[in-house]
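Just so you know, the protein sequences line up as chains A and B, in that order. Residue numbers for the first sequence follow my numbering, so the first one is 40 and each next one is one higher. Residue numbers for the second sequence follow my numbering, so the first one is 2 and each next one is one higher.
These aren't lab readings, by the way, just hints derived from the structure by calculation. Because the structure is a prediction, the values reported are computed rather than measured. One or more hints might be untrue.
Unchecked claim - DSS-like mimics (lysine-lysine), calculated; alpha carbons at most 27 Å apart, straight line:
(1) K204/A / K169/B
(2) K250/A / K106/A
(3) K169/B / K202/A
(4) K218/B / K66/B
(5) K49/B / K122/B
(6) K204/A / K162/B
(7) K162/B / K222/A
(8) K202/A / K162/B
(9) K250/A / K162/B
(10) K216/A / K169/B
(11) K214/B / K119/B
(12) K112/B / K222/A
(13) K169/B / K250/A
Claimed, not checked - Stretch-level coverage of chain B by chain A, calculated; a stretch enters the list once three of its residues show a Cβ under 8 Å from a Cβ in chain A:
(14) 104-111
(15) 155-162
(16) 166-178
Cβ atoms here follow ideal geometry from the backbone N, Cα and C, with glycine treated the same way.
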Amino acid sequence: MKYILLLFTSLVLSWAFVTPPNAEEILKKVDLNMVTKTKIITSQMVVSGRRSTRTIVSKSYAEGNGKSFTEYLAPDREKGTKMLKLEDRLWIYSPSSDRIVQLSGHMLRQSVMGSDLSYEDMMEDRTLAEIYDAKVVGEEMLKDRKVWVLELNAIVNDVSYAKRKMWVDQTRFVPLKEELYAKSGQLLKQVTLSEVTQIGNRWYPKKMNFKDMLMSGNGTDFIVDEIQFDPKIPAHFFTKAALKK
Amino acid sequence: MKLALQLAYRNLVGAGLRTWLNVGVLTFAFLMIIFLNGILDGWNHQAKTDTIAWEYGNGHLLNEKYDPYDPFSIQDGHGILSEENKENLSPILLQQGSIYPEGRMVSILLKGIEVNQKTLKIPTTNFKENASAIPAIIGVNMATSTNLKIGDQVLLRWRDKNGMFDAKNIIIVDVFKTNVPTVDHGQVWIPITHLWEMTGLENHATYFVANEKFKPKAIKQWNYVSQKELLHDLDEIISMKKSSSSILYLLLLAIALLAVFDTQVLSIFRRQKEIGTYVALGMTRSQVVGLFTIEGTMYSLFATVIGCIIGVPLFWYLSKTGMAFPTSSQDMGIAMADRIYPVYGISLILGTVALVVISATIVSFLPARKIAKLNPVEALKGKIQ
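Sequences and hints are given; from them, build the entire structure.
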């Protein structure tokens with residue numbers, strides 16, 4: 040009897056060690072770090088071109104994934120440009136023309152200020168769990184951190200990327216790398232997240248590099264200078280009137 | 002009249018160099034007018050012929066949501082045309098995409114076309130199926146700007162009907178040479194069946210190209226644009242070009258006419274005694290005015306004759322060999338061959354002759370009017386009046 044009990048206990052223990060954690064649980068923990076009710080970010084976007092590098096400074100106010108308001112602060116050419124996203128609609132105010140333009144259709148697929156990001160990349164307001172079926176496919180060491188490797192396959196048709204691969208820090212639950220794939224399996228974009236810092240009770244990557252893998256170049260760096268989690272943002276920030284203020 | 006012509010001829014030939022200088026300037030203006038208009042007419046003819054052959058066919062049947070002037074309408078501007086209405090029509094499906102030659106992104110317009118179509122000159126019969134890549138054909142300009150040649154493979158990225166990214170290699174199976182940049186610049190042609198499969202838009206078309214047997218009729222959700230309407234923009238460009246180049250030759254003509262005018266003023270001033278003699282011999286003042294006007298007009302007749310002697314062989318030669326234009330001029334966005342063959346129509350030649358003769362007659366008559374006011378006695382004395 041005691042041998043049977045010992046065998047059972049060792050089987051249970053070995054199963055616990057071999058079975059990888061639930062991917063949905065990992066994504067939920069990632070969301071706890073990355074998604075906030077509201078946030079205010081002052082950031083730099085460093086766009087590396089073939090000949091030169093441009094730095095665009097902006098301040099963004101966001102409420103969940105659905106609402107955001109961004110004001111560009113530098114360089115002079117972009118200063119005063121404002122962008123408002125309300126669910127699936129996006130408006131841009133240009134101070135030079137003093138006009139508000141709503142972007143739609145193909146315009147959303149254009150690059151944001153010449154970067155490797157499209158407006159559409161910023162428009163996705165569904166959580167990953169809503170549009171992808173996730174599973175853990177392995178564990179690796181990445182930048183001296185132990186990570187889970189997650190594979191995400193689209194469960195809806197209207198997403199830009201059919202498949203994603205995500206490397207999630209096993210202790211901090213922050214993605215350190217993400218690969219975005221086309222339907223054919225061709226790697227299209229790679230996002231590298233670094234400078235993971237503890238802010239309050241969450242871990243947050245202060246630097247993200249977005250790289251179009253089909254193009255040569257160093258991609259676009261998104262560097263967070265300042266970030267506030269869950270501040271109170273007045274409702275008027277998320278109105279069209281705020282664009283012309 | 003015969004006497005006036007004989008006198009005018011003898012006076013002009015007797016004037017020697019002065020006459021031939023005037024005739025020379027008028028001849029130059031006359032030839033330039035025909036030359037410039039011939040080039041523009043040749044360009045117009047070539048551009049229309051090529052654009053019809055490569056792009057317009059006998060007209061386009063456009064999906065009502067597609068606006069050729071609005072690239073943002075490509076996304077939703079397509080649909081399915083019922084089988085009974087497809088007769089004598091070739092479908093073209095447009096989609097946007099990107100290719101990545103040498104690590105740089107080039108935005109392109111993907112054009113799906115039937116492999117067996119015969120309406121357009123696009124060499125679709127050269128599509129050869131390839132197991133590893135989608136067969137594609139491009140124009141010479143596109144090949145030059147992307148540094149692609151036959152046999153090269155390049156990655157193509159596009160989105161399906163739901164907006165999901167997809168990517169696959171295309172293989173360049175042919176590079177065609179055309180004078181119509183609107184089927185070349187930034188465009189990649191692939192078999193429409195591949196594009197249907199790639200995008201999930203089975204049997205969809207953005208527009209149909211009609212052949213010469215097509216009979217236009219009202220079709221719901223589709224708008225027919227005739228060949229004439231499609232060529233309207235080209236006509237506008239050519240007519241604008243004609244107006245701008247007319248400034249040059251009108252200036253030349255004005256200089257030539259000024260020379261005739263000056264010569265007439267000088268003749269009347271210097272030949273007062275001759276005028277007085279004509280009147281004393283019984284010629285009416287209007288007959289004398291007519292004589293001097295015919296003299297002036299004769300410059301233009303001489304210019305026409307000499308213009309024909311020089312122009313006929315020169316223009317015949319140019320119409321056979323054509324005129325080469327720099328390659329940069331072919332990047333203007335409208336059909337322009339690297340060699341243009343001028344077209345000299347009979348209306349152009351007769352119109353130019355009439356323009357030169359009538360304008361020379363007018364500028365000859367204006368100073369000659371003064372003769373009517375001359376006192377014959379004073380004129381005989383040669384006193385300046």
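Legend entry - chain A over the region 155-162 of chain B, status - at least 3 residues with CB closer than 8 Å: holds (count 4)
Legend entry - Pairwise hint evaluation, K106/A against K250/A, where the allowed Cα distance is 27 Å at most: Distance of about 25 Å is within 27 Å: holds.
Inset, instruction - Starting from K204/A, check that the Cα of K169/B is at most 27 Å away, please. - result: holds, 20 Å
Inset, instruction - Take a quick look at whether K169/B and K250/A sit within 27 Å of each other, Cα to Cα. - result: holds, 19 Å
Legend entry - Pairwise hint evaluation, K162/B against K250/A, where the allowed Cα distance is 27 Å at most: holds, 25 Å
Inset, instruction - With a cut-off of 27 Å on the C-alpha distance, tell me whether K214/B and K119/B pass. - result: holds, 12 Å
Inset, instruction - Verify the proposed pairing of K204/A with K162/B, using a straight-line Cα cut of 27 Å. - result: Holds, at about 24 Å.
Inset, instruction - Would you check the hint for K216/A and K169/B, treating anything up to 27 Å between C-alpha atoms as holding? - result: Satisfied, since the Cα-Cα distance of roughly 24 Å is no more than 27 Å.
Inset, instruction - Given the hint that K218/B pairs with K66/B, test it: the Cα-Cα distance must not exceed 27 Å. - result: Given that 27 Å is the threshold and the Cα spacing comes to 18 Å, the pair holds.
Legend entry - chain A over the region 104-111 of chain B, status - at least 3 residues with CB closer than 8 Å: Check passed, 3 qualifying residues.
Legend entry - Pair hint K169/B and K202/A, alpha-carbon separation not exceeding 27 Å: holds, 15 Å
Legend entry - 8 Å C-beta test of the region 166-178 of chain B against chain A, three or more residues: holds (count 4)
In this structure, none of the earlier numbered hints is contradicted; all agree with it.
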